[in-house]
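Kindly generate the complete structure, drawing on both the sequences and the hints.
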Amino acid sequence: MPDLPELNPVIHGKLRLALLSLLSGVEEAEFTWLRAKTGSTDGNLGAQLLKLEEAGYVSVEKKFVQRKPQSNYRITEAGRQALTEYVQALKALLGGAIGD
Amino acid sequence: MTEHAEELELRDRLSLIESMIAEGRRTTESWGWTFVFWGVAYYIAIAWTALYHWPWAWLVTMAGAWVVCMIIIQRKRKNQSVQRPGTTIGRAIFSVWAAMGVSMSVLLPALGFSGRFNQNIFVAVVAAMLGVANGASGMLIRWKAQISAALVWWAATVAACFGTDNQCQIVFLVAIFLCQIVFGVYAMSCEARVRKQQGALHA
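Chains S and Y, in that order, are what the protein sequence lines are.
All residue numbers for the first sequence refer to my numbering, where the first residue is 1 and numbers rise by one.
All residue numbers for the second sequence refer to my numbering, where the first residue is 1001 and numbers rise by one.
Among the clues, some could well be false.
With a Cα cut of at most 27 Å, we get these calculated DSS-like pairs of lysine-lysine [unchecked claim]:
#: 1; chain 1: S; residue 1: Lys14; chain 2: S; residue 2: Lys91
#: 2; chain 1: S; residue 1: Lys91; chain 2: S; residue 2: Lys68
#: 3; chain 1: Y; residue 1: Lys1144; chain 2: Y; residue 2: Lys1196
#: 4; chain 1: S; residue 1: Lys37; chain 2: S; residue 2: Lys91
#: 5; chain 1: S; residue 1: Lys62; chain 2: S; residue 2: Lys91
#: 6; chain 1: Y; residue 1: Lys1196; chain 2: Y; residue 2: Lys1076
#: 7; chain 1: S; residue 1: Lys51; chain 2: S; residue 2: Lys14
#: 8; chain 1: S; residue 1: Lys68; chain 2: Y; residue 2: Lys1144
#: 9; chain 1: Y; residue 1: Lys1076; chain 2: S; residue 2: Lys62
#: 10; chain 1: Y; residue 1: Lys1078; chain 2: S; residue 2: Lys62
#: 11; chain 1: S; residue 1: Lys14; chain 2: S; residue 2: Lys62
#: 12; chain 1: Y; residue 1: Lys1196; chain 2: Y; residue 2: Lys1078
#: 13; chain 1: Y; residue 1: Lys1076; chain 2: S; residue 2: Lys68
#: 14; chain 1: S; residue 1: Lys63; chain 2: Y; residue 2: Lys1144
#: 15; chain 1: S; residue 1: Lys51; chain 2: S; residue 2: Lys63
#: 16; chain 1: Y; residue 1: Lys1196; chain 2: S; residue 2: Lys63
#: 17; chain 1: S; residue 1: Lys51; chain 2: S; residue 2: Lys91
#: 18; chain 1: Y; residue 1: Lys1196; chain 2: S; residue 2: Lys62
#: 19; chain 1: S; residue 1: Lys51; chain 2: S; residue 2: Lys68
#: 20; chain 1: Y; residue 1: Lys1144; chain 2: S; residue 2: Lys91
#: 21; chain 1: S; residue 1: Lys62; chain 2: S; residue 2: Lys51
#: 22; chain 1: S; residue 1: Lys14; chain 2: S; residue 2: Lys37
#: 23; chain 1: Y; residue 1: Lys1078; chain 2: S; residue 2: Lys68
#: 24; chain 1: S; residue 1: Lys37; chain 2: S; residue 2: Lys51
#: 25; chain 1: S; residue 1: Lys63; chain 2: S; residue 2: Lys91
Simulated from the structure, these hints should not be mistaken for lab results.
Written out as structure tokens, the structure is:
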């Protein structure tokens, strides 16, 4: 029996997975947009984004727009690769069950 | 945790990824109104030229329409509570239309000032450019309705090259009606339907 792949624990968290998936479909996204799409609180969202940033999966650019602070997040190449590998691992774990 | 519960959780993760990627790519911005808006602007310019024979009617109408269009877009964006992020496809479509706008604003006044302007050339050039922009947008987002609009513009380009002045004018009026007014209203109804579905999903 072949070894089953392990799921990346950094991505496996539901909110982190949602964030990385959201960012994979856009060029970059503001903190407020990510909050609106995930329905998360500021604190939780900031903490999960920090974990993704520390893992090198997202990059952040902080700037001021009309004197208001704005944080723009972008998925990195490593993040895209990790998400792809996570999806492949998920499919392998689900095996023949996919498409049922 | 049972094997079945584990499998359900993994499936849940997979559907979460799919739905979030789709959510990111989904556009909530409405552009259908711009087709109707520019269609009306073309009709105003045509009527103004036909009634008063003022050579600057097109240039003035297009410049005015561009300013009004930009003001409306800015206001719509300001009213959005959350700024939507850009996508690569969105930027590609914007680039196609912006490049077409620049081409038109360079070529058409140049034709006018050089004295080499005539109605057939004007209609053929405008229709060909609108065909390019609609065709490229339609192919990028794989929207058959917009590709059909491009086909109508390209047919108008050919017709303008061979038709008489009157035929050319009629072809242009019909193409504007089909590709700007009818297509714009159709696009708006599609956008309204999508917004309704999104509203239901988030409720």
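When you check the alpha-carbon spacing of Y/Lys1144 and Y/Lys1196, does it fall within 27 Å? 22 Å, holds
For a C-alpha distance cap of 27 Å, please report whether S/Lys51 and S/Lys63 respect it. Distance ~20 Å between S/Lys51 and S/Lys63 Cα, so the pair holds.
Under the criterion that the straight-line Cα-Cα distance not exceed 27 Å, is the pair Y/Lys1196, Y/Lys1078 satisfied? 22 Å, holds
Is Y/Lys1078 close enough to S/Lys68, meaning Cα to Cα at most 27 Å? 14 Å, holds
Distance restraint between S/Lys51 and S/Lys91, which requires alpha-carbon spacing of 27 Å or less: Holds. S/Lys51 to S/Lys91 sits at ~25 Å (cutoff 27 Å).
Hint consistency between S/Lys51 and S/Lys68 [alpha-carbon to alpha-carbon, up to 27 Å]: 24 Å, holds
CA of S/Lys63 to CA of Y/Lys1144, is that 27 Å or under? 40 Å, violated
Hinted pair, alpha-carbon criterion (27 Å max): S/Lys62, S/Lys91. Please report holds or violated. 36 Å, violated
Does S/Lys91 sit within 27 Å of S/Lys63, going by the straight-line distance between their CA atoms? Since the Cα atoms of S/Lys63 and S/Lys91 sit roughly 39 Å apart, the hinted pair is violated (cutoff 27 Å).
If you draw a straight line from the CA of S/Lys37 to the CA of S/Lys51, is it 27 Å or shorter? 19 Å, holds
Do the alpha carbons of Y/Lys1078 and S/Lys62 lie within 27 Å of each other, as the hint requires? Between Y/Lys1078 and S/Lys62 the Cα gap is close to 21 Å, so the pair holds against 27 Å.
For the pair supplied as a hint, Y/Lys1196 and S/Lys62, is the alpha-carbon distance within the 27 Å limit? 34 Å, violated
Hint check: violations occur at hints 2, 5, 8, 14, 16, 18, 20, 25; the rest are consistent with the structure.
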